[in-house]
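Chemist: Chains A and B, in that order, give the protein sequences. Sequential numbering from 1236 applies to the first sequence in this note's numbering. Sequential numbering from 1236 applies to the second sequence in this note's numbering.
A few of these clues could be false.
Which copy is meant is left open, so a pair is good if it fits within one copy or across any two.
In the DSS-like style, the derived pairs of lysine-lysine whose C-alpha atoms are separated by at most 27 Å in a straight line are [stated by the list, open to error]:
(1) K1320 with K1352
(2) K1313 with K1343
(3) K1366 with K1334
(4) K1313 with K1352
(5) K1320 with K1366
(6) K1356 with K1329
(7) K1334 with K1313
(8) K1313 with K1329
(9) K1313 with K1366
No wet-lab data here; the hints were simulated from the structure.
2 protein chains.
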Amino acid sequence: MKKTVLTFGLLILALLVLFQLSKYTLVSGDSNIEIIMAAVAIIFFSIGIYLNKRSLHKNVLPDSEIDLEKIDALDLSKREYEVLKEISLGLSNKEIGDKLFVSESTIKTHVSNILVKLDAKRRTQAVQIAKEMRIL
Amino acid sequence: MKKTVLTFGLLILALLVLFQLSKYTLVSGDSNIEIIMAAVAIIFFSIGIYLNKRSLHKNVLPDSEIDLEKIDALDLSKREYEVLKEISLGLSNKEIGDKLFVSESTIKTHVSNILVKLDAKRRTQAVQIAKEMRIL
DNA sequence: GTCATTTTGGTACTTTAGTATGAAGCCGTT
DNA sequence: AACGGCTTCATACTAAAGTACCAAAATGAC
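Model the full structure from these sequences, guided by the hints.
Modeler: Printed below as a string of structure tokens:
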């Protein structure tokens, strides 16, 4: 709310400044109205785009960004993160093992470690937690 | 690309029209430059916001919309869909049963049906498929 | 009220997931 | 070289998940 008042206040201020500028230019006889018009158009067009980007980016970026720093914070190793990604794709331990060229036993070990680190009881829960943390 | 050219073409056209209007008004001696200025400002401000919303919404909406029609198309019953949602939250069959006040056997039946209908082999895969279909 | 579908539940079984534990090789740091 | 962390793998076990098959209520449409 405060931001809305502030931005609209600034908009009105900018408009007033431009009014004075245009008057001055017209009085001084230059009458290059086109340039002022274009300036006004460009400025407000830019403002419109800028304001929108700001207000919408707050909702857009967090959905697409994956927080690589948080992976470190969770002590998830590279390999464990790889396995986690495969789990989220719905693969079984055997399938993940084949895909990463290691045995199913290895994947089981990784999965167990992932569950401990993400504080999950099941792989489905691990995926859910990881997505909430914007890691996946 | 084509759309970008089109919109910018329209913008230039609008600007030119406004030039002519302003000239006409000035020549006719009215010299109410403020009104024209304000009009230009408002119009381009609106265009800026509009264009941005259009371009960003394409990426925003599909992520948040859940396609209720597709649930029908998959023959997923209400109850099955409920169970699917709980699965995506990482709950076990037992936990889902407790949450929905039915036995684990019932949940197992539902899960089996869900897997067949979503053409999945595992619950994790079912979640992934459902999310791809924008059902979850 | 009849009929089809949904929802519920069970038993018995197979498969996959997950735990516990131990161990060997690799790799970067001190 | 020694140390800690990562990756790998195995065995043996328990717990969950999933399949197959059946069957009885409940629901909703006609």
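Chemist: For K1313 vs K1352, is the C-alpha pair at or below 27 Å within one copy, between two copies, both, or neither?
Modeler: within (13 Å within a copy, 35 Å between copies)
Chemist: Checking an output row: K1356 and K1329, CA cutoff 27 Å. Within, between, both or neither?
Modeler: both (20 Å within a copy, 13 Å between copies)
Chemist: Is the C-alpha distance from K1320 to K1352 at most 27 Å within one copy, between copies, in both cases, or in neither?
Modeler: both (15 Å within a copy, 24 Å between copies)
Chemist: Should K1320 paired with K1366 be assigned to within, between, both, or neither, using CA atoms and 27 Å as the limit?
Modeler: both (11 Å within a copy, 15 Å between copies)
Chemist: What label fits K1366 with K1334 when the C-alpha limit is 27 Å: within, between, both, or neither?
Modeler: both (22 Å within a copy, 22 Å between copies)
Chemist: Indicate which option fits the pair K1313, K1329 if close means a Cα-Cα distance not exceeding 27 Å: within, between, both or neither.
Modeler: within (19 Å within a copy, 33 Å between copies)
Chemist: 27 Å Cα cut-off: does K1334 pair with K1313 within a copy, between copies, both or neither?
Modeler: within (16 Å within a copy, 36 Å between copies)
Chemist: For K1313 and K1366, with the copy left unspecified, which applies at a CA distance of at most 27 Å: within, between, both, or neither?
Modeler: both (17 Å within a copy, 25 Å between copies)
Chemist: Please work out whether the CA atoms of K1313 and K1343 approach to 27 Å or closer within one copy, between two copies, in both situations, or in neither?
Modeler: within (16 Å within a copy, 35 Å between copies)
Of the numbered hints given earlier, the model fails none.
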